[in-house]
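Participant: Listed in order, the protein sequences are those of chains A and B.
Residues in the first sequence are numbered from 1 upward in steps of one, following our numbering.
Residues in the second sequence are numbered from 1001 upward in steps of one, following our numbering.
There may be inaccurate statements among the hints.
Residues from chain A that face chain B, not an exhaustive set, calculated with beta carbons under 7 Å [said to hold, decoys possible]:
hint, residue
1, V27
2, S28
3, Q30
4, T31
5, Y40
6, N41
The calculated DSS-like cross-link candidates involving lysine-lysine, where the alpha carbons are at most 30 Å apart (straight line), are [as the list claims (entries may be wrong)]:
hint, chain 1, residue 1, chain 2, residue 2
7, B, K1019, B, K1086
8, B, K1149, A, K23
9, B, K1148, B, K1019
10, A, K8, B, K1079
11, B, K1019, A, K14
Some residues of chain B that are not near chain A, with every Cβ distance over 10 Å (derived) [as the list claims (entries may be wrong)]:
hint, residue
12, S1028
13, I1080
14, V1139
These aren't lab readings, by the way, just hints derived from the structure by calculation.
Note that CB positions come from ideal geometry on N, CA and C, so glycine has one too.
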Amino acid sequence: MARNIAIKVARAEKDMTQTALAKAVGVSRQTMNAIEQGDYNPTIKLCRAICRVLGKTLDELFWIDEEPGSSDGNSERR
Amino acid sequence: MSMMNNKNFDERQILARGKGFQIGFLVSLGMIVADLLAEDFLSNDGFIGINVYSRAMLCIWIPILVVSVYFILNDAYEKINETGGKALMGMFVFVGLFEIIVTVVRVASGSIIFVENGVVGDALGQIFTGAAMLGISVVYFVKLALNKKTFGDEE
């Protein structure tokens, strides 16, 4: 799974550390790091909690654009 | 269970712990089979047997070691914001070392016999228990140091 740069950027906009975001969302710092590194795919509940804290939408943080030439026409969630 | 309850494990940790317990269960089954095979195989002439206590300690501590190491390596050992791990692991180091040193001294002094009548006695179980405790705590402190190095510079 690809790294999630959007969360890192949104965190920086809010001047939040990874620890602070993890605490605000209610997960461990290692889990938040795993999400940002693309090593863990969070549940929708956790995604929404992260979006709520960072003031972003699900699309902004967890959706990637459909790749050109993709045959099934489906967008992919990070 | 509320995700905001910081006294519990988070969702990733719960998944990791589930996987860890699954592995521990399979290791336990393997140990039971190994114990039964060892009892038959090692009781033949020419082989050294292992007494019941030591076999029991091996069957208990090997799965515990595997599960604990899996939890520690996947950061699923401590709950969110839990801080008691260092104290417990410090105790493990002390008890593990104590167990090993006392047993080795007693074997060296002759007060307990390591192998008697072709059967390994309690000493093996005691040494393995100490080694398992020591092993778990070593993995914990190494992981702690690695995490500090990885997460040290806040971004």
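Participant: Work down the list of hints and note, for each, if the structure agrees.
Facilitator: Hints and how they fare:
1. V27: 4 Å, holds
2. S28: Status holds, d = 5 Å.
3. Q30: 4 Å, holds
4. T31: With a minimum Cβ separation of about 4 Å from chain B (threshold 7 Å), the hint on A/T31 holds.
5. Y40: This interface hint holds because 5 Å falls under the 7 Å limit.
6. N41: With Cβ-Cβ at 9 Å, over 7 Å, it is violated.
7. B/K1019 x B/K1086: 24 Å, holds
8. B/K1149 x A/K23: 20 Å, holds
9. B/K1148 x B/K1019: With a Cα-Cα distance of about 25 Å, the restraint between B/K1148 and B/K1019 holds, given a limit of 30 Å.
10. A/K8 x B/K1079: 24 Å, holds
11. B/K1019 x A/K14: 35 Å, violated
12. S1028: Non-interface label on B/S1028 holds, nearest chain A Cβ at 27 Å vs cutoff 10 Å.
13. I1080: At about 5 Å from chain A, B/I1080 fails to clear the 10 Å cut-off, so the statement is violated.
14. V1139: 15 Å, holds
The structure is inconsistent with the numbered hints 6, 11 and 13, although it conforms to all the rest.
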